[in-house]
Amino acid sequence: MPYLRNTWYVAAWAKELAAGVMLRRRLLDEFYVLFRDSLDQPRALVDRCPHRFAPLSMGKLIGDRTGIQCPYHGLRFDVEGRCIHNPHGNRKVPPYRTPALPVVEKFSAIWIWMGEPDAADPAQIPDFSFLSPDEHAVACDMINIASHFELESDNILDLSHIEYIHPLFSSDAVSSGDYECVTEGDTVWSKRHIRNDTLPTFLHEAFGLPAGAKANRWLNVRWDAPACLALWTGAVESGKSRDSGRETVGAHLFTPETANTTHYFFAASYPRSLGRIAQQLADDSIAVAIGPEGVFTTEDKPIIEAQAENMLGRDFWEMKPRLLSIDTAAVQARRILAKKIEREQAAGG
Amino acid sequence: MPYLRNTWYVAAWAKELAAGVMLRRRLLDEFYVLFRDSLDQPRALVDRCPHRFAPLSMGKLIGDRTGIQCPYHGLRFDVEGRCIHNPHGNRKVPPYRTPALPVVEKFSAIWIWMGEPDAADPAQIPDFSFLSPDEHAVACDMINIASHFELESDNILDLSHIEYIHPLFSSDAVSSGDYECVTEGDTVWSKRHIRNDTLPTFLHEAFGLPAGAKANRWLNVRWDAPACLALWTGAVESGKSRDSGRETVGAHLFTPETANTTHYFFAASYPRSLGRIAQQLADDSIAVAIGPEGVFTTEDKPIIEAQAENMLGRDFWEMKPRLLSIDTAAVQARRILAKKIEREQAAGG
Amino acid sequence: MPYLRNTWYVAAWAKELAAGVMLRRRLLDEFYVLFRDSLDQPRALVDRCPHRFAPLSMGKLIGDRTGIQCPYHGLRFDVEGRCIHNPHGNRKVPPYRTPALPVVEKFSAIWIWMGEPDAADPAQIPDFSFLSPDEHAVACDMINIASHFELESDNILDLSHIEYIHPLFSSDAVSSGDYECVTEGDTVWSKRHIRNDTLPTFLHEAFGLPAGAKANRWLNVRWDAPACLALWTGAVESGKSRDSGRETVGAHLFTPETANTTHYFFAASYPRSLGRIAQQLADDSIAVAIGPEGVFTTEDKPIIEAQAENMLGRDFWEMKPRLLSIDTAAVQARRILAKKIEREQAAGG
Chain A
1 MPYLRNTWYV
11 AAWAKELAAG
21 VMLRRRLLDE
31 FYVLFRDSLD
41 QPRALVDRCP
51 HRFAPLSMGK
61 LIGDRTGIQC
71 PYHGLRFDVE
81 GRCIHNPHGN
91 RKVPPYRTPA
101 LPVVEKFSAI
111 WIWMGEPDAA
121 DPAQIPDFSF
131 LSPDEHAVAC
141 DMINIASHFE
151 LESDNILDLS
161 HIEYIHPLFS
171 SDAVSSGDYE
181 CVTEGDTVWS
191 KRHIRNDTLP
201 TFLHEAFGLP
211 AGAKANRWLN
221 VRWDAPACLA
231 LWTGAVESGK
241 SRDSGRETVG
251 AHLFTPETAN
261 TTHYFFAASY
271 PRSLGRIAQQ
281 LADDSIAVAI
291 GPEGVFTTED
301 KPIIEAQAEN
311 MLGRDFWEMK
321 PRLLSIDTAA
331 VQARRILAKK
341 IEREQAAGG
Chain B
1001 MPYLRNTWYV
1011 AAWAKELAAG
1021 VMLRRRLLDE
1031 FYVLFRDSLD
1041 QPRALVDRCP
1051 HRFAPLSMGK
1061 LIGDRTGIQC
1071 PYHGLRFDVE
1081 GRCIHNPHGN
1091 RKVPPYRTPA
1101 LPVVEKFSAI
1111 WIWMGEPDAA
1121 DPAQIPDFSF
1131 LSPDEHAVAC
1141 DMINIASHFE
1151 LESDNILDLS
1161 HIEYIHPLFS
1171 SDAVSSGDYE
1181 CVTEGDTVWS
1191 KRHIRNDTLP
1201 TFLHEAFGLP
1211 AGAKANRWLN
1221 VRWDAPACLA
1231 LWTGAVESGK
1241 SRDSGRETVG
1251 AHLFTPETAN
1261 TTHYFFAASY
1271 PRSLGRIAQQ
1281 LADDSIAVAI
1291 GPEGVFTTED
1301 KPIIEAQAEN
1311 MLGRDFWEMK
1321 PRLLSIDTAA
1331 VQARRILAKK
1341 IEREQAAGG
Chain C
2001 MPYLRNTWYV
2011 AAWAKELAAG
2021 VMLRRRLLDE
2031 FYVLFRDSLD
2041 QPRALVDRCP
2051 HRFAPLSMGK
2061 LIGDRTGIQC
2071 PYHGLRFDVE
2081 GRCIHNPHGN
2091 RKVPPYRTPA
2101 LPVVEKFSAI
2111 WIWMGEPDAA
2121 DPAQIPDFSF
2131 LSPDEHAVAC
2141 DMINIASHFE
2151 LESDNILDLS
2161 HIEYIHPLFS
2171 SDAVSSGDYE
2181 CVTEGDTVWS
2191 KRHIRNDTLP
2201 TFLHEAFGLP
2211 AGAKANRWLN
2221 VRWDAPACLA
2231 LWTGAVESGK
2241 SRDSGRETVG
2251 AHLFTPETAN
2261 TTHYFFAASY
2271 PRSLGRIAQQ
2281 LADDSIAVAI
2291 GPEGVFTTED
2301 KPIIEAQAEN
2311 MLGRDFWEMK
2321 PRLLSIDTAA
2331 VQARRILAKK
2341 IEREQAAGG
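Residue numbers (our numbering), protein chains in the order written: chain A, 1 to 349; chain B, 1001 to 1349; chain C, 2001 to 2349.
Because the hints were derived from the structure by calculation, they are not lab data.
Note that the structure is a prediction, hence the values are computed from the model and not measured.
Here a beta-carbon is modelled for each residue, glycine too, at the ideal position from N, C-alpha and C.
Heads up, some of the hints might be wrong.
In silico DMTMM-like pairs for lysine to aspartate or glutamate, Cα to Cα no more than 25 Å straight-line [stated by the list, open to error]: (1) K1060/B / E1105/B; (2) K1320/B / D2029/C; (3) K1060/B / D243/A; (4) K1060/B / E80/A.
Beyond 10 Å from chain B on every Cβ pair, some chain A residues (computed) [stated by the list, open to error]: (5) Y179; (6) G239; (7) R272; (8) A306; (9) E309; (10) E342; (11) Q345.
Excised from the complex, chain A in its bound form (with noise of 0.2 Å):
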């Protein structure tokens, strides 16, 4: 299946991109070179030089990052990938240009637009202000899953399974809890509610409950194309209201790097409102997500890259998968994503 193309995808988290850095990034099969230019703003360029495709990424910054000079043979392109320096011959500068995508710093991210680059308007991106580096401590990270991105979807919607592969995280409760498909427009909506649950320690404590206490639990993922999914997590005392509980916030964002890698990009995320101890909430939930010993390293990586070597690289409908109710969400999203891609492939046509 071909990739949605008029989207925007995470390139990368905005902290990868210091100033001075060239950041080389395989996304939707192709390399991209990513740069702040002199006003520090973030730039993407496909990273080959028009004349003999040398990766402009191991070439150098020029003019006070007014451009890239190429590694190869010195031909210069400033920021929008216009040749505007020739060094050979009669150094007349020729009308080249590597492709620029436009790029914009959002939300603690670096997205970039795959398309028509006139149809490119961030205000498409999805709503990750709570990763807003003004108002939230924020942590980031990133992995490589050796599968197609939209697995990853697919686990992120269906939460049933951290009752199997995350008991660090997991209750008996949590497959029994209510569970609720919401499509608003091209939004989908995964809902889990718990009622009357016994948390594990660990998440007990996380979440302010009194000793012994029982309590209702929620877990809400929002999924939109191409595969931005936001993930609420809370919990109150059974019996009262859940304004009153305690929630936090991750983001999980895949972007395509060929067909069977993606690029996992997550986020945590807590209101600075809590004080100093917000970056070191954010910078656990770092920790014990996607660092080396983290969940979703240790946990959901091996499944979803099994699940991946079980297709031998069939497609995942002509499978046959025999699905549940649990699956209503992620069975929306895929269908969402690919009525887009077919549009696009007709509009193109």
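Following the hints, complete the assembly by docking chains B and C onto the known chain A.
Here is chains B and C on its own, set in the frame of chain A:
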């Protein structure tokens, strides 16, 4: 070329399948999980949950080994592969199933039937009663070879190679011995008889020959489809009857992992009537043959993998091998297998 | 694109082929065994026994190097690839043959002819007499590059890159020098002349220039199909005649291992008339160029392999390179090679 499906392949040695073990093994391209049920009977299921394709072998055995629970979302399957438990939603058990394959434990091995389950008849397994542990001391092990499995059958069916690649087991006379290919139904025999041979000291002693004696020696190989071979090697003092000599026997059982990789199952057997030494002799044979320093590992495997490399993915017959008289048995075995596959394909079409 | 076959490729450096050595080397996708016969003449056979495809190079040289014995079943082949010994059955020698390819030792290298044997004429090997060991101190080595071999020819035919990737050998003036592409028959010259250059200290001394002197400098590259290049580099004090300057010469000989990997054979030569220092100079050139820390290894190879990675298996021309004046020679060479291949294919069709 497709695989022959209506036949028994060795999936594992019986000893690999201790109670409680779930063994994921790739056979004929697909992944299977092997385990023992509550009655210690071996079982094989496609190692892929029908729901979302996670390997069942990453889950856990349930209910005194009456089934497997999927690691990902907790669906449970009985030993026949039928879904018996769904912890989600209304908990209704769906009529989902992962295919179960007929398996039997026989001759110290776990045999798996890859075709129509109804056609599976353990009586069709070739006779390897010399591997029955009751009467024989058996030792066994396996290695993986990066080649099509028929290159391995070819190797055993033409033992003239031992003069060239196994100096330890050879004498100058091996290739000059009498060679006979006998076909009995779909069974192929490659029989080699060497008269008045001077055996290497190692073998001379192993066969209990008097010092300085010349020996008559035989190497008889039996092949059955798809690639199940037995090899009897014996020697007797020249002039004496074969019955008064000593004979040892080994099994060479090849199962394709993929088109380009092969599981090589090898076993050695000595009669328990020899007493306590029998098991030691069998164990020594394994070490000498298929251990890290064994001759199969260090002498056959490099040659066969280099053959495969030289073939660059091309078909054996399309490469027009220039055959010799010594290839009669190997060619006969290849023809019988090809005919069986052809018949099977025709019947299925 | 297919390979040009009716041409000479470098298969090895002569020094790689000591008496008694059997060298297995992949060239134009296939595997060959190279060795010296009893007269020390180089020989090349397809490294694949016609019987069962085992590599002859894993066997042994026989009869004072009059042939090779197959490692697997002991068939013997003479230096022309004809079977001369069959130890099996009735011992009748079958009319089997592994193809022998014309090879000659010339200019310190072993050249192999990949086309019609009758058409092989060593006089067609381009003139690399500066590598003849009688009059020259020659040093040579090789590395493997993960790219199509034409990316390597391109690299040498356009030395404007040395200003960008080889600071050690460069000055700011290289790319501003005069550049000329001259075609003589099927030979392409790329000539570069830089006036009044300030050389880096290293080169200034190497060319024996007086302290503080400006220099005229030249870099002349000669290309012959398929990818045999010679590079003369020289310098002389500005205002003096070129004849009074110093010049060094090197050979850059590229042989495809596969479509995506290239054997890079490099040699440096100094006239023996320089005395004992000549060999030292040649050896130093190898270390500086193609040794583990050499500039080809650490500066060219990474760029060229990244170019290849960026091409993602696509064809050079289909990717529409946006060329510059400096590419004239490389394009000319590519066209001549393409035309030769086209003619050869047409003749064969």
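Kindly indicate which numbered hints from before are broken by the structure, ordering the numbers from low to high. The structure breaks hints 3, 4, 5, 8 and 9; every other hint is satisfied.
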